[in-house]
Structures are given as C-alpha cells and as structure tokens.
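Same order as they appear, the protein sequences are chains W and V.
Each residue of the first sequence is one higher than the one before, counting from 1 in this note's numbering.
Each residue of the second sequence is one higher than the one before, counting from 1 in this note's numbering.
Heads up, some of the hints might be wrong.
Dumping the calculated DSSO-like pairs for lysine-lysine here, alpha-carbon to alpha-carbon at most 30 Å [to be verified]:
id, chain 1, residue 1, chain 2, residue 2
1, W, 68, W, 86
2, W, 122, V, 59
3, W, 47, V, 235
4, V, 177, W, 47
5, W, 86, V, 110
6, V, 59, V, 28
7, W, 122, V, 50
8, V, 110, W, 47
9, W, 90, W, 19
10, V, 84, W, 36
11, V, 223, W, 102
12, V, 51, W, 144
13, W, 55, V, 5
14, W, 68, V, 76
15, W, 100, V, 61
16, W, 55, V, 59
17, V, 51, V, 110
18, V, 168, W, 69
19, V, 59, W, 124
20, W, 68, V, 144
21, W, 86, W, 55
22, W, 47, V, 144
23, V, 234, V, 144
24, V, 50, W, 124
25, W, 122, V, 56
26, V, 50, W, 100
27, V, 51, W, 122
28, V, 76, W, 102
29, V, 84, W, 102
30, W, 86, W, 47
31, W, 90, V, 50
32, V, 234, W, 47
33, V, 274, V, 223
The set of hints was computed from the structure by calculation and includes no laboratory data.
Just so we're clear, the structure is a prediction, and the values are computed from it rather than from any experiment.
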Amino acid sequence: MWVRFLSKGKKKELLRVLKKSFGIEKPPFLFFETSKETRIFTGSVSKDDLGMLVKNLRIQSMGLYFAKKEDGEFRLSLDATHLLSKEIKKNILEISDEQKDKWMNGENLEIDESLKGIFIVKNKEDFLSSGKASNGKLFNFIPKERRTGNY
Amino acid sequence: MITPKPLFEERMRRLLPEETDFAEFSKKIHEYPLNFIRCNTLKISPVQLKKRLEEKEWKIKQPFSVHQEIMLVENKLQPGEIGKAIEHLIGYYYVQEVSSMMPALALEPKPGEFVLDLCASPGSKTTQIAALMQNSGAIIANDKAVDRIIALCSNLERCAVGNTIVTKEDAIFLCQKLDNLGIRFDKILVDVPCSGEGNIRGNPKTLITWSLGAIRQLSDLQKKIAISAAALLKKGGTMVYSTCTHAPEENEAVVSFLMQKTGLKIEKASLPLKCRPGIFEWEKRGFAEEIENTCRIYPHDNDCEGFFVAKLKKE
Chain W
1 MWVRFLSKGK KKELLRVLKK SFGIEKPPFL FFETSKETRI FTGSVSKDDL
51 GMLVKNLRIQ SMGLYFAKKE DGEFRLSLDA THLLSKEIKK NILEISDEQK
101 DKWMNGENLE IDESLKGIFI VKNKEDFLSS GKASNGKLFN FIPKERRTGN
151 Y
Chain V
1 MITPKPLFEE RMRRLLPEET DFAEFSKKIH EYPLNFIRCN TLKISPVQLK
51 KRLEEKEWKI KQPFSVHQEI MLVENKLQPG EIGKAIEHLI GYYYVQEVSS
101 MMPALALEPK PGEFVLDLCA SPGSKTTQIA ALMQNSGAII ANDKAVDRII
151 ALCSNLERCA VGNTIVTKED AIFLCQKLDN LGIRFDKILV DVPCSGEGNI
201 RGNPKTLITW SLGAIRQLSD LQKKIAISAA ALLKKGGTMV YSTCTHAPEE
251 NEAVVSFLMQ KTGLKIEKAS LPLKCRPGIF EWEKRGFAEE IENTCRIYPH
301 DNDCEGFFVA KLKKE
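Starting from the given sequences, assemble the full structure and let the hints guide the process.
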C-alpha cells in the first residue's frame with residue numbers, strides 16, 4: 001500500500017478548507033494520502049511507528065477513507081460525515097424522506113440552481129455523505145455497495 | 001433437513017451424554033438462528049438505535065443489561081430486510097450472531113491498547129473490538145485470502161473504524177514478521193479457521209462437509225497459529241483463543257498444548273451467555289485441570305450458535 005503522510009503545508013490547507021467549507025475545527029486525526037484518496041488514522045500510534053509498519057508488512061488498508069479533493073474542495077466520505085457529525089456546521093443540505101430514498105438508491109437529486117459546490121447531505125439526524133451541487137443537480141457519490149438498490 | 005453423519009452424532013453424544021441434553025441439541029441445530037445485531041457505538045448509541053428500529057416496527061430486545069449494544073430483532077422480517085435497512089447500510093449496526101460476540105467481550109480491549117486480530121475477516125469481531133476501544137489505540141487485523149480481505153475492509157469502512165491496519169499475510173508468517181520487528185501486543189484475538197460445528201444452524205451444509213480428517217488437520221494448524229501468536233503477547237497481556245466448533249481437538253487440545261508450550265495461564269472469562277466448562281479428557285488424552293475455566297457455548301443452552309472461548313494471560 002502506498003501511503004504518504006500529509007506535509008505540514010498540505011495539512012494546514014486541508015484544515016483551512018474543512019473549517020471554511022463545513023465549520024469543522026481541527027479534527028484530531030492523523031491524515032495521510034493514498035493513490036486514490038485522503039484517509040485518516042484515528043488511533044494513537046505515532047507517524048514513525050505507522051511508517052515502520054507500512055514498510056515491513058503487506059498492508060491492504062489503513063484507517064478510514066476520509067475525503068477526495070475536487071477542484072480545491074474536499075468531498076467528505078459517508079463515514080467521515082458520521083465521525084464528524086457533531087462538528088459539521090456549514091453547507092449542510094437537508095433533504096426530505098422522499099429525496100433520502102432516491103439518494104440512498106444512488107440517484108442524483110434535483111436541487112435549487114443557485115446552489116454550487118460541495119454540500120453535506122442530511123436527512124433528519126442522519127448525515128448521508130456529501131454531494132456536488134451544479135446546474136440544479138446534486139451529484140451522488142454513495143458507494144455502490146452502500147446503496148439500497150443493490151440489495 | 002440434512003441428516004448429520006453418524007460419527008458426528010456419536011462424538012456429540014460423548015460431549016452431551018445425557019439423552020435429553022443431546023436430544024435438545026439435535027433439535028436446536030435444525031432451527032434457523034435468531035436475528036441478532038450489534039449496535040455500532042462508534043456511530044450511534046444503543047438508545048438511539050433501538051428507538052429508530054422500533055419506529056420501523058421492529059421488535060427489539062436487549063437481553064443483557066450490561067451489554068446494551070447487543071440486540072435481538074424478535075419479529076419476523078422479510079428475507080434480507082436486516083441487511084438492506086438504511087441503518088445497516090450506513091453502519092449503525094452489524095449483523096452478528098450473539099455467540100460470535102463473546103470472544104471480543106472476553107478479550108476486554110480498552111481504549112489506547114495495541115491489539116492483534118489474527119484471523120479477522122469478515123470483521124465482525126474487529127469492528128466490535130474497535131468500538132470497545134472507541135477507535136483509539138491500534139488494531140492490526142489480518143487475513144490471508146483476498147476475497148475475505150475485501151469483505152473485512154468494506155465492513156471496517158461501513159462501521160467508521162479508523163484505528164485499524166489491515167494486513168494480508170499467512171497468520172504464522174505475520175507473527176514471525178512481527179516478532180522479528182520486536183512488536184508486542186496488549187491483547188490478541190486468535191479466532192482460528194475451524195470445522196464450524198457450531199454454525200450448523202446458519203450453515204447446515206457443514207453437516208455434509210464435516211469430517212474427522214478435517215478436524216485433525218485444522219487442529220494442527222490451530223496449534224501452530226496459537227503458538228505463533230502467543231509469542232507476541234506483552235507481559236500481563238491477554239490472548240483469547242476461540243472457535244465456532246465443539247470438537248475438543250480444536251478446542252481444549254489446542255489450549256492445553258498452548259499452556260504447556262508457552263506457560264500462558266487460563267483465566268475465566270465473564271460472559272453473558274451460559275457457558276459449560278471445558279472437558280478434561282477426550283479420546284484417552286487428559287487436559288490440564290484449569291481447562292474447566294474455558295467456555296463451551298452450546299446452541300440449545302442459549303438459543304444461539306455454538307462457540308468455544310478460552311481466555312489466557314501472560315504473567
């Protein structure tokens with residue numbers, strides 16, 4: 001597994017965007033990148049010890065998928081929105097029960113055309129990942145295996 | 001209904017010599033298992049989850065007051081309904097048979113500890129351990145088969161487990177590697193591959209594939225895995241050895257061998273299910289007296305699947 005811990009500069013940039021976009025203040029995680037995404041390690045192991053394990057073991061996965069960077073914004077994963085549910089304060093898009101059924105089925109939603117950028121989707125008390133608003137649509141990134149339609 | 005092989009029945013009669021006891025066991029293994037779920041406390045509290053599920057008109061029972069996360073769905077649901085419910089898809093609960101929750105409870109992982117889960121897929125026990133550790137410390141979760149690793153990773157993500165490192169290694173080889181690196185663990189779970197006699201209710205085909213030859217082969221492998229893992233335990237650390245089978249060759253014989261070779265001591269685990277003590281003798285081979293402090297979980301005692309759990313301490 002290819003892993004790169006975020007440099008001070010990159011981490012600062014990530015924290016700045018999280019605060020600006022969602023009001024999230026300094027999440028207490030260790031951030032790192034793989035070839036596909038930004039991930040977090042929530043445990044209490046030092047960067048050096050993790051690095052040693054990565055170097056010596058056949059690691060398939062580490063920590064939790066946190067976000068993907070898109071056009072300077074971070075699109076939080078479904079599970080990251082759960083871990084940070086108490087911290088998320090901005091850019092929350094509340095959806096109805098009917099919209100929730102479509103969203104969890106993997107469908108894009110029709111939304112107000114004025115909305116642009118990344119939003120965190122919420123139905124009642126449930127955070128349901130993030131979506132990208134553009135041209136009156138909220139684009140869906142719920143992973144296939146987590147969609148209701150796949151059962 | 002699949003008829004058990006005569007040798008399987010004969011062995012079970014020796015483990016359950018009272019006729020009524022054996023008859024209850026034989027009846028129970030042909031009943032479909034109950035629908036147990038475990039609340040994922042990394043995402044939602046048991047109180048909140050119960051309320052939500054009851055709003056869907058699911059009848060939820062929490063059988064153990066000190067383990068509110070363990071829930072029984074009592075009403076009959078449509079096939080697949082538990083798996084396709086939104087609460088499952090977003091990781092608010094894990095579908096897990098109650099006896100399979102016992103090894104992690106015996107292990108008692110604490111926040112901040114360093115834990116090894118050697119045969120981890122599909123992740124039911126790893127996600128339970130992570131929840132008990134409140135996503136802190138670290139877990140190395142290992143399995144050697146790619147398809148099983150995929151299921152493990154998927155379940156870890158769904159449950160928002162962020163303190164785990166997933167490795168793909170042969171268990172014995174991984175232990176050697178970790179030993180060479182000087183890595184030691186506070187807690188180790190060795191939930192070994194086994195003949196699955198305890199899982200007949202959920203997987204009746206086990207009765208077809210069952211063979212004494214497989215039990216003997218597995219016993220040898222289990223001994224090697226358990227010995228390799230024991231070397232990685234910190235002084236004062238705890239190791240739990242578990243199987244989902246009743247065969248003494250895979251249970252007491254392995255634990256007895258482990259105690260002899262490593263000096264680990266058995267400690268009685270406090271578990272919420274009815275446990276019968278480990279047996280002292282099987283096929284003219286005697287086991288250590290302390291083996292009675294291991295736990296045999298039978299399907300007809302608890303209306304669950306069968307399991308074996310041994311808690312060992314390094315002094």
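Is the Cα-Cα distance between residue 50 of chain V and residue 124 of chain W 30 Å or less? Satisfied, since the Cα-Cα distance of roughly 16 Å is no more than 30 Å.
Would the pair residue 234 of chain V and residue 144 of chain V pass a check requiring their Cα atoms to be no farther apart than 30 Å? Within the cut-off at roughly 24 Å; holds.
Has the given pair, residue 122 of chain W with residue 59 of chain V, been kept, meaning a C-alpha gap of at most 30 Å? Holds - the C-alpha atoms of residue 59 of chain V and residue 122 of chain W are around 26 Å apart, at most 30 Å.
Quickly compare the C-alpha distance for residue 68 of chain W and residue 144 of chain V to 30 Å and report which way the hint goes. Holds - the C-alpha atoms of residue 144 of chain V and residue 68 of chain W are around 29 Å apart, at most 30 Å.
Pair hint residue 274 of chain V and residue 223 of chain V, alpha-carbon separation not exceeding 30 Å: Holds, at roughly 26 Å.
Given the hinted pair residue 100 of chain W and residue 61 of chain V, is their Cα-Cα distance within 30 Å? holds (28 Å)
Take the C-alpha atoms of residue 51 of chain V and residue 110 of chain V, compute the straight-line distance between them, and say whether it is at most 30 Å. Distance ~28 Å between residue 51 of chain V and residue 110 of chain V Cα, so the pair holds.
Between residue 68 of chain W and residue 86 of chain W, does the CA-CA distance stay at or below 30 Å? Roughly 21 Å between the alpha carbons, so the hint for residue 68 of chain W and residue 86 of chain W holds.
With the threshold set at 30 Å, check whether the alpha-carbon distance from residue 122 of chain W to residue 50 of chain V stays at or below it. holds (20 Å)
Proposed proximity, residue 28 of chain V with residue 59 of chain V (alpha carbon, max 30 Å): Distance ~23 Å between residue 59 of chain V and residue 28 of chain V Cα, so the pair holds.
Quickly compare the C-alpha distance for residue 168 of chain V and residue 69 of chain W to 30 Å and report which way the hint goes. holds (28 Å)
Tell me if the straight-line CA distance from residue 86 of chain W to residue 47 of chain W falls inside 30 Å. holds (26 Å)
Of the numbered hints stated above, those contradicted by the structure are hints 11, 13, 14, 16 and 21, listed in ascending order.
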